[in-house]
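A.B. asks: Okay, here's what each chain looks like letter by letter:
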Amino acid sequence: MPTDLHNLQNLPNVHNLDAEIVARYTDQPPRLPAELRRCIEASWQGAPVQLYALADLDHALRLTQVWVALGPGCLAVARPLERGDEWAIESVERPRIEAVREAPGLSASTLTLLGRPGDPPLAVLRYSHRQRRAFENLKFVLEEALEGRPVAPPDADEEYAASVARSIRDAQALVAGRRVAVIRRLLGYLAPYRRQLTLGMAAATLITVVSLVPPYLAGYLIDRVVRPAQEGRLDVGRAGTIAWLAVAAMALVYLVRQAAAVARLRLMSVLGEWVARDLRAELYEHLQRLSLAFFSRKRTGGLITRVSADTDRLWEFVAFGVVDVSLSLVMLAGLGAVLISLDWRLGLVMILPVPLFCWAIYRHGEVLNRVFLRVWRKWSRLTDVLSDTMPGIRVVKAFNQEAREVARFVGHNNDVTDEINRLHALWTTFWPLLMLAVHATTIGVWVLAVPRLLGGGAALSAGTFVSFLLYTTMFVGPIEVIGQMARTMQRATTSAHRVFEVLDTEPEVTDAPQPVRLEPVRGRVTFEHVSFAYDGVRQVLRGVSFEVAPGELIGLVGPSGGGKTTIVNLIARFYDVTGGAIRIDGVDVRRLETGHYRRQIGMVLQDPYLFHGTALENIRYGLPAASLEQTVAAARAANAHDFICKLQHGYDTVVGERGHTLSGGERQRVSIARAILHDPRILILDEATSSVDTETERQIQEALERLIAGRTVFAIAHRLSTLRRASRLLVIADGRLVESGTHEELVAKPEGKYRRLYEMQVELA
Amino acid sequence: METATVRRRDAEEGRASAGELTLERRADGKLWALRGDAERVVWVRRCFPWSEPGRFVSLRDEDDNELALVGDPAELDRASRRVLEEAMAAAGFVFEVTRVMAIEEEVEIRHWRVETRQGTRSFQTRLDAWPRLLPQGGLLVRDVAGDLYHVSDPGALDQHSRALLWAFVD
Chain A
1425 MPTDLHNLQN
1435 LPNVHNLDAE
1445 IVARYTDQPP
1455 RLPAELRRCI
1465 EASWQGAPVQ
1475 LYALADLDHA
1485 LRLTQVWVAL
1495 GPGCLAVARP
1505 LERGDEWAIE
1515 SVERPRIEAV
1525 REAPGLSAST
1535 LTLLGRPGDP
1545 PLAVLRYSHR
1555 QRRAFENLKF
1565 VLEEALEGRP
1575 VAPPDADEEY
1585 AASVARSIRD
1595 AQALVAGRRV
1605 AVIRRLLGYL
1615 APYRRQLTLG
1625 MAAATLITVV
1635 SLVPPYLAGY
1645 LIDRVVRPAQ
1655 EGRLDVGRAG
1665 TIAWLAVAAM
1675 ALVYLVRQAA
1685 AVARLRLMSV
1695 LGEWVARDLR
1705 AELYEHLQRL
1715 SLAFFSRKRT
1725 GGLITRVSAD
1735 TDRLWEFVAF
1745 GVVDVSLSLV
1755 MLAGLGAVLI
1765 SLDWRLGLVM
1775 ILPVPLFCWA
1785 IYRHGEVLNR
1795 VFLRVWRKWS
1805 RLTDVLSDTM
1815 PGIRVVKAFN
1825 QEAREVARFV
1835 GHNNDVTDEI
1845 NRLHALWTTF
1855 WPLLMLAVHA
1865 TTIGVWVLAV
1875 PRLLGGGAAL
1885 SAGTFVSFLL
1895 YTTMFVGPIE
1905 VIGQMARTMQ
1915 RATTSAHRVF
1925 EVLDTEPEVT
1935 DAPQPVRLEP
1945 VRGRVTFEHV
1955 SFAYDGVRQV
1965 LRGVSFEVAP
1975 GELIGLVGPS
1985 GGGKTTIVNL
1995 IARFYDVTGG
2005 AIRIDGVDVR
2015 RLETGHYRRQ
2025 IGMVLQDPYL
2035 FHGTALENIR
2045 YGLPAASLEQ
2055 TVAAARAANA
2065 HDFICKLQHG
2075 YDTVVGERGH
2085 TLSGGERQRV
2095 SIARAILHDP
2105 RILILDEATS
2115 SVDTETERQI
2125 QEALERLIAG
2135 RTVFAIAHRL
2145 STLRRASRLL
2155 VIADGRLVES
2165 GTHEELVAKP
2175 EGKYRRLYEM
2185 QVELA
Chain B
68 METATVRRRD
78 AEEGRASAGE
88 LTLERRADGK
98 LWALRGDAER
108 VVWVRRCFPW
118 SEPGRFVSLR
128 DEDDNELALV
138 GDPAELDRAS
148 RRVLEEAMAA
158 AGFVFEVTRV
168 MAIEEEVEIR
178 HWRVETRQGT
188 RSFQTRLDAW
198 PRLLPQGGLL
208 VRDVAGDLYH
218 VSDPGALDQH
228 SRALLWAFVD
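So the protein lines, in turn, are chains A and B. Just so we're aligned, residue 1425 is where the first sequence starts under my numbering, counting upward by one. Just so we're aligned, residue 68 is where the second sequence starts under my numbering, counting upward by one.
Just chain A, with the same shape it has in the complex (with noise of 0.2 Å):
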């Protein structure tokens, strides 16, 4: 089990941190065994192992470590042999597999390779699902083959330890540092503001300071004042001098500790907040650069957590923990020389439990941790049914499962309060027991030292006693802060891998050194050999090839996943290529300025989003110097000026999130209005129509035909009807571009394929 769990430093590249996350967070190789390998790739004459994955479970279902391996003339299974590091191997030509089978169990897949109809399979193979993105790939290769579509070999190594380690790092913010170098990075923020921090820290240290001066005061009133005038050593006048002068300099301490106080706190908070402020002002930053393909992997909810919460908690870290942490330190430290040095006997009595009172409140947090957890599982239980039942109000009602529901509740409701109860139960015994603790060695300190008091053993002053008495109460609040401060550290350097991850994300989609920006784009479109894979090898597309010319509407059709939408994604620069190229009026998409080239390109989806904003902003979004001239020739060309104008306010209606709800196709027209405001030369059309009635659609149709006029337009469309309009179509299915011409020619291709998706749709209109 790993115990320092962010050591991954000095890793060079994501595949070492995808080798490294297999090694530390799964009991199987991060890579295939390199004597292993040798093995196989000797047994195949030296041809190279191009792709691998592990096997987990034998034919027993037991848990194994069987490498299968492909090469480009064979596959190779080796099974480990019982004694030592053998492996018995097994070569299977790759001629001679005719088909590829996996079948899905509840956590246990099966790959078959099987030969001729009716002879025995050539391998039969069970893996975890841990395994199963590696075995998609082995697969998706082996079909390829068999298609005659060769894929070109990745880095095995790369893949391998790529489709083990996803579902980890998709879970889980990893950032390369050990838990002490996040520390000191997150620290590093504090640097632009030295000066507030030195004051801050100064001040707080005035106040530790300050704090051991009274009880000192106290023990020098009592044995150099106060006896000494009891009993006739010290003149009573002057002894009433120094006592009130004494008196004044512990008022000015306090005054002088409490306007320390302030400052420290004041310093502190403000210091935290720049802090936190400057990480939020470049976390945000930062996200608006990544790819999308980041956003593709991580939940929204965890990112905007992390803008928010997390640098919220940071804030108290670099506010208060930071300060706390150490000067609490400092405080025991200089109790500690205090006590001893006033009295080593009852010093040592005072400061030896400290210790195991830090410890008793370390474990009491790791035990108060176990019912926060379960806490936390009761209250999700709890909260699911009120997801569950308030959006589903209706379905509880039209059942008549009122009773039911309220009874589900109660019982949830019930649970939690007996789990925070034994909360209560645990910090209400513990707290007070552990004041027990420090009454006790105050005890001591008293049976220690009255007999010395009353002059037995070695002498010891009443001053010396009080004074010692008044430190002994400075104790505890030190002892608290040192005992969660584990618990501190864990929770702020939680939130600082959570922020770091973010900021250490490379956006996948770069310009290039030199970029070029293109005056005007005129809107010629070239897609040469295409290939793309979102992830791993299998690809999406695969050698799309087209040319649209500028002004063209390019309608795209096929079944769904068979890469419509990865095309337009790529045309608009989402996502790279993987293989091939994108040219836009020649120049190769990676070469262009991608911040200009984007404000060529307009989309209307399917379900478009408006933001929390008025009409007009949201309108104006791609161009808020425009005019309201301009907005409004925009609504109207959008057909959506007219349901604007009705709305109370105007084009001043707050819509979108928490604003006034718009139906689907006025979403929509507000959206064309957008797009027809941005002025794009490239036009992409999502599924634009698909979701509304036949008249919006009408007006939607209307809207999109003034929008399209001009531009190079690529629209997605199920309805077929509704992209007869377009100068061609191409079909798209299963990656590859298999027909393209107008919807007449289409559909008298007898055996084509538009054609029959075409008869379908007459068919059930």
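One or more hints might be untrue.
What the simulated footprint calls covered on chain A by chain B, stretch by stretch (three residues with Cβ under 8 Å from a Cβ of chain B suffice, anywhere in the stretch; the number is not a length) [to be verified]: (1) 1444-1457; (2) 1536-1544; (3) 1550-1557.
Rather than coming from a laboratory, the hints here were simulated on the basis of the structure. Heads up, the beta-carbon is just placed ideally off N, CA and C, and yes, glycines get one too.
Given the structure of chain A, go ahead and fit chain B onto it with the hints provided.
C.D. replies: Below, chain B without anything else, positioned relative to chain A:
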């Protein structure tokens, strides 16, 4: 797609009736379902893997369409039943946890190290992914890769395992 509950073999005649389903594992390694003159390669899926694991088994063809629903394997002839049970064991495979060695939390994930009937295994779950309490009282943990770990009776585990699991059971 045709969905049918198979009927019990006609005991008196001792041979399959026309609509009766039989299953066999052939040399090609595939599971074949035979009914009358028709035969099809199938794979199995349990309809109620946790509440009724032994009954209601869906036989599905290679396009994932249901060919037949076996309400109770006891309704099949002995040979078919044995073949079906073997297929069910593979399809319904999950790791059976016998001991929990460690559960530790890290940034956003929880690490588990367990002893299973199949061997020792380390896996990870998200911090907010709670083990599922099964209708029969067991516990089911799903890791980030989708693998399932079944603790059939948490109360019967050793004391250390029980202490580690304490936060996750009612």
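A.B. asks: Now tell me, hint by hint, if it's right for this structure.
C.D. replies: For each hint, the structure was consulted:
1. 1444-1457: Coverage by chain B holds for the stretch 1444-1457 of chain A (3 residues, Cβ < 8 Å).
2. 1536-1544: Check passed, 6 qualifying residues.
3. 1550-1557: holds (count 5)
The structure meets every hint from the earlier list without exception.
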